[in-house]
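Chemist: So you can see what is in the structure, the chains are spelled out below.
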Amino acid sequence: MSCEEPTTSPTPENNITVVSSDGKEFLLDLKLTEQSETLARLISNFEYDRTDVKKDPVPLGNITSAQMQKIIEWLQHHRYYPKWEQNDIHYSTSFTFETWVEEYLNIPNNEMFELLNAANYLNIPRLFSTICRIMASRITGKSAEQIRTVLNIKTDVKNDVYTGIPIQEDSSSSEDGMSEISLSPSPPPI
Amino acid sequence: MESDKPPQALHFPRVAVKVDSRQKESINFMFGETPILIKCVNLSPSRGRLNPLVDYMMRNGEIGDLQVKVEKPNKSLGKIMETLLEKSEKSDLSNWKPFFDTNWNDLTEKLKKKCIDFMHFKTRLRLRKTSKTERLLVDSLKLDFDFLKIDTNGRRCYEECTELSFRDSKFRQEVYLKFSEMSEFHKTAVPLLTYILKIGNINTFACEMNDIWMYEMLSEIRCQQEGNVKFRIKKYLNSMSLELKQTLFVLENCEHELKTIVIDPKEYEEEELQRFVCLSTVANAQNVNIGHVSFTSTAIGLIEKWIENDVAIGTKFEFDAVRQETIDEFVTNFEERVISRNKYDDMTIRMDSLDRVICMKCGPFYYTSMTFIVIPSDPLESALLFDKRLYSSTDSDASSDEESVEFVKYRFDESEDDDEIYHEPLAVTLLKN
Numbered sequence: 001m002s003c004e005e006p007t008t009s010p011t012p013e014n015n016i017t018v019v020s021s022d023g024k025e026f027l028l029d030l031k032l033t034e035q036s037e038t039l040a041r042l043i044s045n046f047e048y049d050r051t052d053v054k055k056d057p058v059p060l061g062n063i064t065s066a067q068m069q070k071i072i073e074w075l076q077h078h079r080y081y082p083k084w085e086q087n088d089i090h091y092s093t094s095f096t097f098e099t100w101v102e103e104y105l106n107i108p109n110n111e112m113f114e115l116l117n118a119a120n121y122l123n124i125p126r127l128f129s130t131i132c133r134i135m136a137s138r139i140t141g142k143s144a145e146q147i148r149t150v151l152n153i154k155t156d157v158k159n160d161v162y163t164g165i166p167i168q169e170d171s172s173s174s175e176d177g178m179s180e181i182s183l184s185p186s187p188p189p190i
Numbered sequence: 001m002e003s004d005k006p007p008q009a010l011h012f013p014r015v016a017v018k019v020d021s022r023q024k025e026s027i028n029f030m031f032g033e034t035p036i037l038i039k040c041v042n043l044s045p046s047r048g049r050l051n052p053l054v055d056y057m058m059r060n061g062e063i064g065d066l067q068v069k070v071e072k073p074n075k076s077l078g079k080i081m082e083t084l085l086e087k088s089e090k091s092d093l094s095n096w097k098p099f100f101d102t103n104w105n106d107l108t109e110k111l112k113k114k115c116i117d118f119m120h121f122k123t124r125l126r127l128r129k130t131s132k133t134e135r136l137l138v139d140s141l142k143l144d145f146d147f148l149k150i151d152t153n154g155r156r157c158y159e160e161c162t163e164l165s166f167r168d169s170k171f172r173q174e175v176y177l178k179f180s181e182m183s184e185f186h187k188t189a190v191p192l193l194t195y196i197l198k199i200g201n202i203n204t205f206a207c208e209m210n211d212i213w214m215y216e217m218l219s220e221i222r223c224q225q226e227g228n229v230k231f232r233i234k235k236y237l238n239s240m241s242l243e244l245k246q247t248l249f250v251l252e253n254c255e256h257e258l259k260t261i262v263i264d265p266k267e268y269e270e271e272e273l274q275r276f277v278c279l280s281t282v283a284n285a286q287n288v289n290i291g292h293v294s295f296t297s298t299a300i301g302l303i304e305k306w307i308e309n310d311v312a313i314g315t316k317f318e319f320d321a322v323r324q325e326t327i328d329e330f331v332t333n334f335e336e337r338v339i340s341r342n343k344y345d346d347m348t349i350r351m352d353s354l355d356r357v358i359c360m361k362c363g364p365f366y367y368t369s370m371t372f373i374v375i376p377s378d379p380l381e382s383a384l385l386f387d388k389r390l391y392s393s394t395d396s397d398a399s400s401d402e403e404s405v406e407f408v409k410y411r412f413d414e415s416e417d418d419d420e421i422y423h424e425p426l427a428v429t430l431l432k433n
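For the record, the sequence lines run as chains A and B. Counting in UniProt numbering, the first sequence runs from 1 upward without gaps. Counting in UniProt numbering, the second sequence runs from 1 upward without gaps.
Mixed in with the good hints, there may be bad ones.
Stated by the list, open to error - The following residues of chain A were derived to be distant from chain B, with all beta-carbon distances above 12 Å:
| id | residue |
| --- | --- |
| 1 | Leu27 |
| 2 | Asp29 |
| 3 | Lys31 |
| 4 | Leu32 |
| 5 | Ser44 |
| 6 | Thr51 |
| 7 | Asp52 |
| 8 | Pro59 |
| 9 | His77 |
| 10 | Phe95 |
| 11 | Glu114 |
| 12 | Thr130 |
| 13 | Ile139 |
| 14 | Glu145 |
| 15 | Thr155 |
As the list claims (entries may be wrong) - Restricting the straight-line Cα-Cα distance to at most 25 Å, the calculated cross-link-like pairs of lysine-lysine (DSS-like) are:
| id | chain 1 | residue 1 | chain 2 | residue 2 |
| --- | --- | --- | --- | --- |
| 16 | A | Lys24 | B | Lys187 |
| 17 | B | Lys39 | A | Lys154 |
| 18 | A | Lys154 | B | Lys132 |
| 19 | B | Lys39 | A | Lys70 |
| 20 | B | Lys110 | A | Lys142 |
| 21 | B | Lys122 | B | Lys142 |
| 22 | A | Lys70 | B | Lys114 |
| 23 | B | Lys178 | A | Lys70 |
| 24 | A | Lys154 | B | Lys18 |
| 25 | A | Lys142 | B | Lys39 |
| 26 | B | Lys142 | B | Lys170 |
| 27 | A | Lys142 | B | Lys18 |
Unchecked claim - Computed beta-carbon distance windows for the label pairs:
| id | chain 1 | residue 1 | chain 2 | residue 2 | range |
| --- | --- | --- | --- | --- | --- |
| 28 | A | Asn62 | B | Leu53 | 27 to 35 Å |
| 29 | B | Gly61 | A | Trp84 | 39 to 47 Å |
| 30 | A | Pro57 | B | Lys113 | 27 to 35 Å |
| 31 | B | Asp211 | A | Glu37 | 51 to 59 Å |
| 32 | B | Gly61 | A | Asn62 | 55 to 63 Å |
| 33 | A | Lys142 | B | Glu181 | 46 to 54 Å |
| 34 | A | Arg50 | B | Ser26 | 50 to 58 Å |
| 35 | A | Glu111 | B | His11 | 18 to 26 Å |
| 36 | B | Asn201 | A | Glu85 | 44 to 52 Å |
Hints are computed from structural coordinates only; laboratory data are not their basis. Every residue gets a Cβ at the ideal spot worked out from N, C-alpha and C, and that includes glycine.
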């Protein structure tokens, strides 16, 4: 395990230390950092992959220790996965996930959004894409009102200057029926 | 005597301070058994000061459970915690964990767009109904469609009706809607159609609808988009419309990516054809097919445009016209450019570029099909041979010719964006196999 609690032991050669926003230190295997484009670029720029270079702790000001813990869990699980292919259309359109991923992302929306921000900051494309897909799958098949509830969207309403009654401006009558179109059965997988 | 007694400490079993994203504070606390909620405005929590009321409670009372909730992570939370630690005597912060109530609204536009990219078309339509912000966001994202089609009785139905169908390229979900009444079509289909044409990159737009319905649709589009209409279509097919007016409107507002135009108007003026030929989208299209042309000299104007624009090899123009009249007019127009003419009246015309020529083929009948295609000038004979093979199915010699194979390949390469509307249903294909 590369994920460890704050440590004072000497840093092994193939590890770097990252510091979360709340000051916790994590030892991270260089092999794991390959999945994060941000860390990989940083390591390459500072030549931290060389044994004779002194490795200073990397501060990650936008990521809390809880998020870092979660991210390391992801990196560990995908350690031996093939390199992420951005244009894999069959992967990107699917709403079916590994059991492990489903359990891993079985978290409240607010934590999910924080993790999305962290994945974006560290540039971990597989995690980023998976969270986006999970978010999309959470609102698929839901009505506009249900989507508002799930995503905690506050509708843009204005109060009538005379009556004080909210005026709903965000849907026109001609567009109301548009979102209620019925879909033909999904095509078989290719 | 009473005044000498130290004042009894006030007891607040629970105190919750919440700072929302608009920097407004609310304090929810229990005074004994009584719950009290106080909302504060403009107390500048961003400066990291402890709320004066909480400050007072801490100095003059006992707080059982203090909860501080800040919607967005900001510097004020750290400062508030420092103040709390200074002022409190028995604080236990070992299990303290900052709780930021991040939600969809806190995501950046870029991240929201990435999430929307993974949503089905129908989900996007529903998301854009949730608020004005989401509507603007969803509408700013273009979506690719394999096809958008309007036709009559495309799928079997007991009564005759007009069908609107489309399929997005990413999720390949096909949608079809049927309408028997004009009012129904106007109410449901037109807004949807308008929307798809507005946000979609459409591979094939097959508009097989009569002129009245088409007029209705285009009027709505014009009205909704306040004259700023821009279609992104690769193939435009319309063999139902008798007039050229509606097609002209679509083509005039198409971006230059239009590759194929297949139309069959029957009731139009020469002036309209002239307008059609002069359109840059028509001149730049790779494949133009007008079913019937009464004013051939005007149609030949397109060939002049080709020469002027030096169009790419493979560009093709087809129409039906009176044979001899067309050939005569053609020869009159391009007399100086005709390189060769054979006994079938097939001709090659010189272009300004030396590497390409225009090949003209015509059928044998009085009223026949005319085909113009830009081919490489070098393997000229092969090009003619290929054309013979294409237009005369009885000519079997050509199929064995190696060079002609090259041209066949080239012809197929040209239509890389396959039209998938007319694919056989999967079930039928499987049964056959």
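Chemist: None of the hints should be skipped; say for each whether it holds.
Modeler: Hint-by-hint comparison with the structure:
Against chain B, the non-interface label of leucine 27/A holds: every CB pair exceeds 12 Å, the least being about 22 Å. Once the 12 Å rule is applied to beta carbons, aspartate 29/A is consistent with being away from chain B; the minimum gap is 26 Å. At roughly 27 Å, the least C-beta separation between lysine 31/A and chain B is larger than 12 Å, which holds for a residue marked as non-interface. Listed as a non-interface residue, leucine 32/A keeps its Cβ farther than 12 Å from every Cβ of chain B; the least gap is roughly 23 Å.
Every C-beta of chain B lies more than 12 Å from that of serine 44/A, the closest at about 25 Å, which supports listing it as non-interface. No beta-carbon of chain B comes within 12 Å of the beta-carbon of threonine 51/A; the shortest separation is about 37 Å. Interface exclusion of aspartate 52/A from chain B stands, the closest Cβ pair being 38 Å apart, more than 12 Å. At roughly 15 Å from the closest C-beta of chain B, the C-beta of proline 59/A stays outside 12 Å, upholding its exclusion from the interface.
Distance check on histidine 77/A: its Cβ is at least 21 Å (rounded) from any Cβ of chain B, clearing the 12 Å threshold; non-interface status holds. For phenylalanine 95/A, the shortest C-beta to C-beta distance to chain B comes to about 9 Å, within the 12 Å cut-off, and the non-interface label is violated. Residue-level check failed: glutamate 114/A sits 5 Å from the nearest beta carbon of chain B, not beyond 12 Å. The claim that threonine 130/A lies off the interface is violated: its Cβ sits roughly 10 Å from the closest Cβ of chain B, which falls inside the 12 Å cut-off.
At roughly 6 Å from the closest C-beta of chain B, the C-beta of isoleucine 139/A falls inside 12 Å, breaking its exclusion from the interface. Chain B draws glutamate 145/A into its interface by the beta-carbon criterion, the shortest separation being 8 Å against a cut-off of 12 Å. Against chain B, the non-interface label of threonine 155/A is violated: not every CB pair exceeds 12 Å, the least being about 5 Å. A C-alpha spacing of about 59 Å is found between lysine 24/A and lysine 187/B, which places the hinted pair above 25 Å, so the restraint is violated.
For the proposed pair lysine 39/B and lysine 154/A, the alpha carbon gap of about 20 Å is at most 25 Å, so the pair holds. In summary, the hint linking lysine 154/A to lysine 132/B is supported, as the alpha carbons are separated by about 10 Å, within the 25 Å threshold. Restraint check: the Cα-Cα separation between lysine 39/B and lysine 70/A comes to about 36 Å, which exceeds 25 Å; the hinted pair is violated. The hinted pair formed by lysine 110/B and lysine 142/A meets the criterion: a straight-line CA distance of about 23 Å does not exceed 25 Å.
Annotation: proposed proximity of lysine 122/B to lysine 142/B holds, straight-line Cα distance about 14 Å (limit 25 Å). Between the alpha carbons of lysine 70/A and lysine 114/B the distance comes to roughly 21 Å, so the proposed pair stays at or under 25 Å and holds. The hinted pair formed by lysine 178/B and lysine 70/A fails the criterion: a straight-line CA distance of about 49 Å is larger than 25 Å. A hinted pair counts as satisfied when its Cα atoms are at most 25 Å apart, and lysine 154/A with lysine 18/B qualifies at roughly 18 Å.
A threshold of 25 Å between alpha carbons decides the hint, and for lysine 142/A with lysine 39/B the separation of about 34 Å lies outside it, so the pair is violated. Between lysine 142/B and lysine 170/B the CA atoms are separated by roughly 12 Å; this keeps the pair inside 25 Å, and the hint holds. Restraint check for lysine 142/A and lysine 18/B: not satisfied, since their Cα atoms lie roughly 30 Å apart, outside the 25 Å limit. A C-beta distance of roughly 32 Å is found between asparagine 62/A and leucine 53/B, which places it inside the suggested range of 27 to 35 Å.
About 56 Å separates the C-beta atoms of glycine 61/B and tryptophan 84/A, a value inconsistent with the hinted range of 39 to 47 Å. About 34 Å separates the C-beta atoms of proline 57/A and lysine 113/B, a value consistent with the hinted range of 27 to 35 Å. A beta carbon spacing of about 55 Å between aspartate 211/B and glutamate 37/A agrees with the range 51 to 59 Å that was offered as a hint. Our hint of 55 to 63 Å for glycine 61/B and asparagine 62/A is violated, since their Cβ atoms are close to 37 Å apart.
Under the hint 46 to 54 Å, the C-beta atoms of lysine 142/A and glutamate 181/B, about 30 Å apart, miss the expected range. Separated by about 54 Å at the C-beta atoms, arginine 50/A and serine 26/B satisfy the suggested range of 50 to 58 Å. For glutamate 111/A and histidine 11/B, the Cβ-Cβ distance of about 34 Å falls outside the hinted range of 18 to 26 Å, so the restraint is violated. Between asparagine 201/B and glutamate 85/A, the C-beta spacing of about 23 Å breaks the proposed range 44 to 52 Å.
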